[in-house]
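A.B. asks: With the hints as extra help, turn the sequences into a complete structure.
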Amino acid sequence: MKQIYVGLTGNEAVATAFKQARPHVAPAFPITPQTEMMHKFADFVADGVVDTEMILVESEHSAMSAAIGSAATGARTFTATSSAGFALMWEVVYIAASLRLPICMPVVNRALSGNINIHNDHSDAMGGRDAGWIQLWCENTQEAYDHALMCWRIAEHKDVRLPVMINYDGFIISHTAESLHILPDEDAWKFIGPKDLKTGYSLLDMDHPITVGPLDLTDYYFEHKVSQIEALKRAPKYIAEVYKEFGQLTGRHYSFFEEYRTDDADLVIVALGSTAGTAKDVIDAQREKGVKVGLLKIHMFRPFPAVELAKALSKAKVVGVMDKSASFGGWGGPLFNEIRSALYDLPARPKIHNWIYGLGGRDTDTKQIVSLIEQLQAIAKGREAETVNLLGVRL
Amino acid sequence: MAVVNLQTLSKNEDLLTGGHRACAGCTGSNILRQIMLTAGRDTVVGGATGCMEVVTTIFPYTAWKTPFIHSAFENCAATVSGAETAYRALKKRGELPVPREQINFIAFGGDGGTYDIGLQSLSGAMERGHNMLYVCYDNEAYMNTGIQRSGATPFGAHTSTAPAGKVKQGKDRHRKDLTKIMVAHNIPYVAQTTPFHWKDLQMKVRKALDVEGPAFLNILMPCTVGWGFDPALGMELAKMATECNFWPLFEVENGEYKLTYKPKADRTPIEEWLKTQVRFKHLFKPGNEGLIVEIQRWVDDEQRKLLKLCGEA
Ligand SMILES: Cc1ncc(C[n+]2csc(CCOP(=O)(O)OP(=O)(O)O)c2C)c(N)n1
Chain A
37 MKQIYVGLTG
47 NEAVATAFKQ
57 ARPHVAPAFP
67 ITPQTEMMHK
77 FADFVADGVV
87 DTEMILVESE
97 HSAMSAAIGS
107 AATGARTFTA
117 TSSAGFALMW
127 EVVYIAASLR
137 LPICMPVVNR
147 ALSGNINIHN
157 DHSDAMGGRD
167 AGWIQLWCEN
177 TQEAYDHALM
187 CWRIAEHKDV
197 RLPVMINYDG
207 FIISHTAESL
217 HILPDEDAWK
227 FIGPKDLKTG
237 YSLLDMDHPI
247 TVGPLDLTDY
257 YFEHKVSQIE
267 ALKRAPKYIA
277 EVYKEFGQLT
287 GRHYSFFEEY
297 RTDDADLVIV
307 ALGSTAGTAK
317 DVIDAQREKG
327 VKVGLLKIHM
337 FRPFPAVELA
347 KALSKAKVVG
357 VMDKSASFGG
367 WGGPLFNEIR
377 SALYDLPARP
387 KIHNWIYGLG
397 GRDTDTKQIV
407 SLIEQLQAIA
417 KGREAETVNL
427 LGVRL
Chain B
20 MAVVNLQTLS
30 KNEDLLTGGH
40 RACAGCTGSN
50 ILRQIMLTAG
60 RDTVVGGATG
70 CMEVVTTIFP
80 YTAWKTPFIH
90 SAFENCAATV
100 SGAETAYRAL
110 KKRGELPVPR
120 EQINFIAFGG
130 DGGTYDIGLQ
140 SLSGAMERGH
150 NMLYVCYDNE
160 AYMNTGIQRS
170 GATPFGAHTS
180 TAPAGKVKQG
190 KDRHRKDLTK
200 IMVAHNIPYV
210 AQTTPFHWKD
220 LQMKVRKALD
230 VEGPAFLNIL
240 MPCTVGWGFD
250 PALGMELAKM
260 ATECNFWPLF
270 EVENGEYKLT
280 YKPKADRTPI
290 EEWLKTQVRF
300 KHLFKPGNEG
310 LIVEIQRWVD
320 DEQRKLLKLC
330 GEA
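So the protein lines, in turn, are chains A and B. Using the working numbering, read the first sequence as starting at 37 and increasing by one per residue. Using the working numbering, read the second sequence as starting at 20 and increasing by one per residue.
In case anyone wonders, no lab produced these hints; they're calculated from the structure. Ideal Cβ positions, reconstructed from N, Cα and C, are used throughout, including at glycine.
Here are the computed distance ranges between Cβ atoms for each label pair:
| no. | chain 1 | residue 1 | chain 2 | residue 2 | range |
| --- | --- | --- | --- | --- | --- |
| 1 | A | Ala82 | B | Lys283 | 51 to 59 Å |
| 2 | A | Gly150 | B | Phe78 | 33 to 41 Å |
| 3 | B | Gln167 | A | Val262 | 32 to 40 Å |
| 4 | B | Asp229 | A | Asp87 | 26 to 34 Å |
| 5 | B | Gly330 | A | Gly84 | 45 to 53 Å |
| 6 | B | Arg40 | A | Val42 | 52 to 60 Å |
| 7 | A | Phe258 | B | Arg40 | 17 to 25 Å |
| 8 | B | Gly37 | A | Phe258 | 27 to 35 Å |
C.D. replies: Now the structure itself:
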């Protein structure tokens, strides 16, 4: 299929994808580094390129609340946020998933306060990882665009009907212009398709009035949570289908996680987001030197593909998990905990160590990743090492 | 001008069914029923967390015959503004699930969800100009969670977080004037009423729904449990609150104040109203006379200001 080769920032690329999805409603409230994405989208609206109704709310809490009210009518709805904005939404983020509303939301990842810091890490998304949303993660602008197209198909699938969060690194992806392929509007629309109001429920079906978000007591709440758990269990099947169809259409093939030079790797780094790109460069250089190292980059963090990941990592001797967020008082970061837990049932487990890195936008350069690989090598040779480590911090 | 009369209202369908779980003597459910009689079936209702939501929507039952949405405590105005915007967006594209030329959007919350935690989202929704009616049913405390003080609790009232004790005598601040805060949003219609004054209430609901843009109604809701009175007397207390000028009835159309009920020159002293409720019992203990004087002073002051605004003084 003919695609268009363009140069866009991550935020512009996502705004473009959302324009192509022709949403009915978009509540918006500014926070860096998400702002530019809504500016771009507002430009599309102001120019009449898309006829979305924007609701310029007075807070992120209201942005998600308005998104809930909108999506409950059956209207295609998105909003976007970062950091403190996501934290302020948190209460309602859970409600969106409980009501099974297919809201799509980029979380342009940024550190949480305090101290206030506008730069990238993953603390925001990790704070909401158990909210019941599907969480997809992107390495670069191309992946952010692609996921911003695919998220609608996933969220709105009749057997899923869950909100989807697309994560991409603040500034590193959101504000960096990269070249990427985008679909012509018509082809994108054909892929995403119109929202089908005939399925699901609508608050505006005046002939069949329903009560949305009632009071659940001990007799029903648990069962309703189970329906959410089940919906998330069903989701991977459809996410895989959408990935496949998108791959056939564009030649860009995605899966729950990407394995980079892991075939014969003794050492495997696991990472989320843009760091994976840096790691790939380092891995190429290390491979030249004969170091058997690979990378596993996760796209789908929620639902967590534990079984598949355990299988993929089972051949490694040492696994180094990179967490761009701390879990205060916990033992290691959130990604580390998930992966370590997934490996537990393997008959022979690789060693697994955690590196907390990049907090508050601390640059993660190739040197840091080289040092991490050196540590993995030493561990493979039997050297004792801490389970949880820090990378790139001044001590 | 909008007309409502008992004859037509009595023929209208009751859209809040009986069998909801409100307390005996609750005037809140009565407020909702009166509003819905005027609003009619083509109405989307949003509710903030609080007594009225809790008693009408216990899953798997619902007392609502119209679409209803509750999402959280402080965000009812924002939630309904999302639904109202979606309605316009879907209508524009000819994609409504069932065609409707006109749908009413009504958000309601208690005083806690409106004066306090929900004030921001309410203010935002009013400022943005959504075509919706926000109704505050003001029972003057957080009743659903056990009668804690709110920004609407009157001076001197005993609540579970501002109790009357050995050294403190209930709430030590007068309530904030939410109705005037709403007027300051320059929205087309703002009014205050009570369920006792059914005709006044219905007229105000009608006007509020007829204006283009946001409207706000503040409705006093005597609460038998929180205020402490005989469940048979709810309406009586609503009436009395107006007779003693504690809860004047007025409306503000495009900034123009108008009294919709003229208080008598020899208005009931506030003492008579305070006497009817357990929450004010301690005010009648020896040594607390000054507190009643202070409440009367405040009521008289507020009334003077209101009459001036209404061009009655
Ligand atoms: C964020 C949040 N804080 C607190 C609560 C607990 N809560 C539920 S209802 C309520 C009080 C409601 O009071 P009000 O708005 O006055 O309505 P009423 O119950 O009197 O009808 C509170 C505090 C909540 N649900 N959400």
